[in-house]
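> Between the sequences and the hints, there should be enough to build the whole structure, so can you do that?
If you want the building blocks of each chain, they are given just below.
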Amino acid sequence: MTTRRRRLLGATALVALVAMLPFVAALATMRLAERPEAVLGPVDGLPPEVAPGPGCIARGPEPVDARTDLVPVVPPGARVGSSTVLRCPAAFDGLEVTFVGEVVGDVLPRRGGAWVLVNDDAYALTTGPLPGHRTFAGSNSGLAVWLPDPLVDGLSEPGRPGRRGDVVVVTGRIVRVDPDDSGGLTLRAETVRIAAPGTDVATPLDVPLVLLALVLLALAGAVRLRRR
Amino acid sequence: MRTTLLRPELEDLRVIALNLGRVLEGLSLWMLPPLLLALVLREWNAASALAVGIGTALLLGGLAVRRFATDRPLTLALGSVVVSLAWLVGAAVLALPIHLSGHTARFLDAWFEAMSGLTATGLSLVQDVDHLALSIQLHRHLLMLLGGTGIVIVVIALFSAGGGVGSLYRAEGREERILPNVIRTARFIFAVSGVYLVIGSLALMAALALAGITGWRGAYHAVTLFLSAFNTGGFSPTSQSLAYYHSGSVELIIVVLLLVGGSSFLLHRELWTGKGRTELRSSLEVRTFATTLAVGITMGVVALAVSGTYRDTIPLWRKGAFTMVSSSTGGGFTVTSGTAFLADWGQAAPFVMVVLMALGGMAGATAGGIKMIRLGLVAKGLVHDVRRLLAPSGALVVTTFHVRRRTVLGSGLLRSAAVVLLLYVATYLFGAIVGLAYGRWTLSETLFESVSATANAGLSVGIAQPGMPIGLEVVYLLQMWIGRLEFIAVFVLGGFALSLVRGRG
Chain G
281 MTTRRRRLLG ATALVALVAM LPFVAALATM RLAERPEAVL GPVDGLPPEV APGPGCIARG
341 PEPVDARTDL VPVVPPGARV GSSTVLRCPA AFDGLEVTFV GEVVGDVLPR RGGAWVLVND
401 DAYALTTGPL PGHRTFAGSN SGLAVWLPDP LVDGLSEPGR PGRRGDVVVV TGRIVRVDPD
461 DSGGLTLRAE TVRIAAPGTD VATPLDVPLV LLALVLLALA GAVRLRRR
Chain D
1234 MRTTLLRPEL EDLRVIALNL GRVLEGLSLW MLPPLLLALV LREWNAASAL AVGIGTALLL
1294 GGLAVRRFAT DRPLTLALGS VVVSLAWLVG AAVLALPIHL SGHTARFLDA WFEAMSGLTA
1354 TGLSLVQDVD HLALSIQLHR HLLMLLGGTG IVIVVIALFS AGGGVGSLYR AEGREERILP
1414 NVIRTARFIF AVSGVYLVIG SLALMAALAL AGITGWRGAY HAVTLFLSAF NTGGFSPTSQ
1474 SLAYYHSGSV ELIIVVLLLV GGSSFLLHRE LWTGKGRTEL RSSLEVRTFA TTLAVGITMG
1534 VVALAVSGTY RDTIPLWRKG AFTMVSSSTG GGFTVTSGTA FLADWGQAAP FVMVVLMALG
1594 GMAGATAGGI KMIRLGLVAK GLVHDVRRLL APSGALVVTT FHVRRRTVLG SGLLRSAAVV
1654 LLLYVATYLF GAIVGLAYGR WTLSETLFES VSATANAGLS VGIAQPGMPI GLEVVYLLQM
1714 WIGRLEFIAV FVLGGFALSL VRGRG
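The listed protein sequences correspond, in order, to chains G and D. Mind the numbering: the first sequence is residues 281 to 508 in my numbering, read in order. Mind the numbering: the second sequence is residues 1234 to 1738 in my numbering, read in order.
It cannot be assumed that every hint is accurate.
As the list claims (entries may be wrong) - Just some of the chain G residues that point at chain D, by a computed CB distance under 10 Å:
1. Val-319
2. Val-330
3. Pro-389
4. Gly-392
5. His-413
6. Pro-441
7. Gly-464
8. Arg-468
9. Leu-496
10. Leu-499
11. Val-503
These aren't lab readings, by the way, just hints derived from the structure by calculation. It should be emphasised that the depicted structure is a prediction, and the values quoted were computed from it without experimental measurement. C-beta atoms are modelled at their ideal positions from N, C-alpha and C, and glycine is treated no differently.
Okay, structure coming up:
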């Protein structure tokens, strides 16, 4: 092999190496198209959520009587968010609250009731599930809720890919270390009301994505055939 | 004496491109099972996203293999370059289906996710995971098997890739050869994973049925949880990790799988051939792991009791001991909300978690971190120095250790263990300082997250989440990569890049 040819080959190899990532990056700029039919929009008619002040516990559990400024801000039965409760578990221990969110995953039946995961993030209450829209709102956030037997019956299939589960308004008591959950933080429900019934989310076919996949597979097949 | 940096020959680049192409072709196969699941479940957009990933890997890999075919052997140096690049480029290609699923705001998040899966870390930037297509979930979890076992190992096992595979094997952070032949070693590792997959998944299915998840959903959760636990990864099919299941049986099986996955494949080989009892009793690595774990669990549980987080025995052990095992093995599973570590766990227990994550599991396993063998060797070295000082002048002090066979502790071995240990510590601190520079978090928070990323542990106090600063995201991505490859291969890549620019000849 001549020196010129070897240089050419080497240079091509280098270019190929460098080109791999930009090629992948170019593909990565593709996004699923937002489809109006896949956007659920906010759930209406929910009680207002109380936003407690920042005077919450930064570190370490504090005595129950040291609920700082939360007690005046969060009156018994007021609606609270999961991120607030998880940030200040000791402050909420034993408090009667209202919690609103989407039932997702599975209903886990146990003696006398069932565990459900109730998410109160934006995907549950405001925008509807991804990937039907492009409004990103971070990770899921929710609370483990214990529903006694009679309260489980009214629930439909929980939220999953392509489905938003029932949006429920739960009233109950926060338990920081629930002995029935071996120490987990739970909400023991006393009442449940369905604010918005579960619904399937339309998932229209993303035609450009299908075409891209077919073109790439065809090109890869052609390269393989030529190799043979 | 000063050594001259030699510019690599052009043929070297060709060898790198060829082997990178082979790896990419291998990775394309890894996306087939999720693609099949997508077709079965009629998740058409997810299927298209996976097909784009497969097409890209096949096209790039095919072009490289076709264009740069060569008989030139792969040296250890070039193998290291290939492995380093394979993990970066491979993660980017494997990130395509995740990004195209529409659950990441930017491609970097998907790349981070793929790197986190491949390095069996478990930090996640996927949004609305509770509504993520099941096939993409499977793809995420399979990444942990791929990376936990080793990208190159998998490619070797599947394709018996051409010459120089030994270089690739060693460059991927695996020094030991369980069997004399690298290809047979790779297949053994694959076989071990396969057997545990069947046993672990069946056990988890039974536990999940008791927890209330039956039928195909039970099987799906069982397989994904197994993939995550055995590879000490930490991804979970739900946003709540193991807290979702409210099941002691599930947690117990996961603990067993974490310990099995955190043990070296060499130990598995010894156990399978009936020689395991000696190894369990005498191996420096096993003893160091057992001691670290016992001390860590005790300290963690006591810390939680003293801080008043949990007062009863069952919560203390269910939450405390589980989390310490998850930290030590790099499992990354949680049985509480991540914010609980900051809001409800006091000061000492999270500190113990950081130490356990930093130390990591056993070498030659799927766990990350400094690794028990290095810790054991450095500890032995310290004892050796003390014994030498106390011995009469002229006395010969010899220290030995047992890992598969009795070996004399030499200064070279000790130095290399200490150097890697220091590199890990420096990387932990570097990431913590970068995090601090953003001014949003305390040192304890940034150190926790930095150690978790570098040691491929995956526990989080909430810094690594969607919307995190791009600079910090890149740093964590690189930390996961460097931590998994244990520095050397990445340093060789850096040296190679430098020699391309500044080398002579």
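> Can you verify the interface hint for Leu-499 (chain G): is its Cβ closer than 10 Å to any Cβ in chain D?
holds (5 Å)
> With 10 Å as the cut and Cβ atoms as the points, is Gly-464 (chain G) at the interface with chain D?
holds (6 Å)
> Holds or violated: is there a CB of chain D closer than 10 Å to the CB of Val-503 (chain G)?
holds (4 Å)
> Is the shortest C-beta separation between Leu-496 (chain G) and chain D less than 10 Å?
At 3 Å from the nearest chain D Cβ, Leu-496 (chain G) passes the 10 Å test, so the hint holds.
> The hint names His-413 (chain G) as touching chain D; please verify it with the least Cβ-Cβ distance against 10 Å.
Hint on His-413 (chain G): holds, closest Cβ of chain D at ~9 Å, below 10 Å.
> Any CB of chain D closer than 10 Å to the CB of Val-319 (chain G)?
Hint on Val-319 (chain G): violated, closest Cβ of chain D at ~12 Å, above 10 Å.
> If you take the shortest Cβ to Cβ gap from Val-330 (chain G) to chain D, is it below 10 Å?
At 18 Å from the nearest chain D Cβ, Val-330 (chain G) fails the 10 Å test, so the hint is violated.
> Holds or violated: is there a CB of chain D closer than 10 Å to the CB of Pro-441 (chain G)?
holds (5 Å)
> May I ask you to test the interface hint for Gly-392 (chain G) with respect to chain D, counting a Cβ-Cβ separation under 10 Å as satisfied?
violated (13 Å)
> Taking the closest Cβ pair, is Arg-468 (chain G) under 10 Å from chain D?
violated (13 Å)
> Does the nearest C-beta of chain D fall within a distance shorter than 10 Å of the C-beta of Pro-389 (chain G)?
holds (5 Å)
Hint check: violations occur at hints 1, 2, 4 and 8; the rest are consistent with the structure.
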